[in-house]
Amino acid sequence: MADSTTEKTKADEAAPLTVMAVVAPAIGWLVPGAGHMIQKRWIRGGLLFVSIVTLFLLGLAMQGHIYKANGGDILDILGFIGNLGAGGLYIVTLAMDWGQGAIAFATADYGTKFMIVAGLLNFISIADAYHIAIGKKQ
Amino acid sequence: MTITLNHFSAATVFALSASIVFGITHRETTREMVRYGLYCFAMFLGGALVAGWVMWLLRR
Chain A
1 MADSTTEKTK ADEAAPLTVM AVVAPAIGWL VPGAGHMIQK RWIRGGLLFV
51 SIVTLFLLGL AMQGHIYKAN GGDILDILGF IGNLGAGGLY IVTLAMDWGQ
101 GAIAFATADY GTKFMIVAGL LNFISIADAY HIAIGKKQ
Chain B
1 MTITLNHFSA ATVFALSASI VFGITHRETT REMVRYGLYC FAMFLGGALV
51 AGWVMWLLRR
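Chains as they are written, first to last, in UniProt numbering: chain A, 1 to 138; chain B, 1 to 60.
A couple of the hints might just be wrong.
[Unchecked claim] Pulled a few chain B residues facing chain A out of the computed Cβ check, cut under 8 Å:
# : residue
1 : 2
2 : 3
3 : 4
4 : 5
5 : 13
6 : 14
7 : 17
8 : 18
9 : 28
If you are wondering where the hints come from, they were derived from the structure by calculation, not from laboratory data.
Here a beta-carbon is modelled for each residue, glycine too, at the ideal position from N, C-alpha and C.
Construct the entire structure; sequences and hints are all you get.
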């Protein structure tokens, strides 16, 4: 029993670092769901793309606030980390200077949370793409 | 373009997106993904409704 557990742990640690194990998470970060699509999980990738992008764009359309890199309040730092997970969407939003409005009504605050959650969901999606790449998941 | 969603619509959109991602990433087979996604969606929306009614009762 203990031997099989040890062997399993060793097998997990010795997961081969293939090119796909690096490329899939990177692509998945830039474009939500692309890490799955590049591994021919088209439907899963498409659903992840639609879910995460819809949530992010709705947040933007609801006048949500986007966080920039900062060293101030802990909630601002966490907001930035959440936003950063959206990858390409976050980069484009910053480049276009969107999401800078003052939060003046309740739904704008929802929009801010939508964009943070979209980034956090993309982190989960990236981890899943990595697990598929190393063969831990089908 | 500005979109204004009411509280319930916002909760529904949030629940739908999060449930899809949770379903796909937390389960192995397609059947399990669908079941878990539906379970998460029901829990998200059910939780929001229950919390709403609790707040309504507390306010009275």
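Structure-based check of all given hints:
1. Below 8 Å, beta-carbon pairs count as interface contacts, and residue 2 of chain B has one with chain A at about 6 Å; its hint therefore holds.
2. A least Cβ separation of about 4 Å between residue 3 of chain B and chain A falls short of the 8 Å threshold, and the interface hint therefore holds.
3. With 8 Å as the threshold, the beta carbon of residue 4 of chain B comes within range of chain A, its nearest partner Cβ sitting at about 5 Å, so the hint holds.
4. A least Cβ separation of about 6 Å between residue 5 of chain B and chain A falls short of the 8 Å threshold, and the interface hint therefore holds.
5. The interface hint given for residue 13 of chain B holds, since its Cβ lies 6 Å from the closest Cβ of chain A, which is under the 8 Å cut-off.
6. Checking residue 14 of chain B against chain A by beta carbon gives a least distance of about 7 Å; that is within 8 Å, so the hint holds.
7. Using the Cβ-Cβ criterion of 8 Å, the hint placing residue 17 of chain B at the interface with chain A is satisfied: the shortest such distance is roughly 4 Å.
8. Annotation: residue 18 of chain B was flagged as interfacial toward chain A, and the flag holds, the nearest CB pair being 6 Å apart, inside 8 Å.
9. Among the interface hints, the one on residue 28 of chain B holds; its C-beta lies about 6 Å from the nearest C-beta in chain A, closer than the 8 Å criterion.
Consistency note: the structure conflicts with none of the earlier hints.
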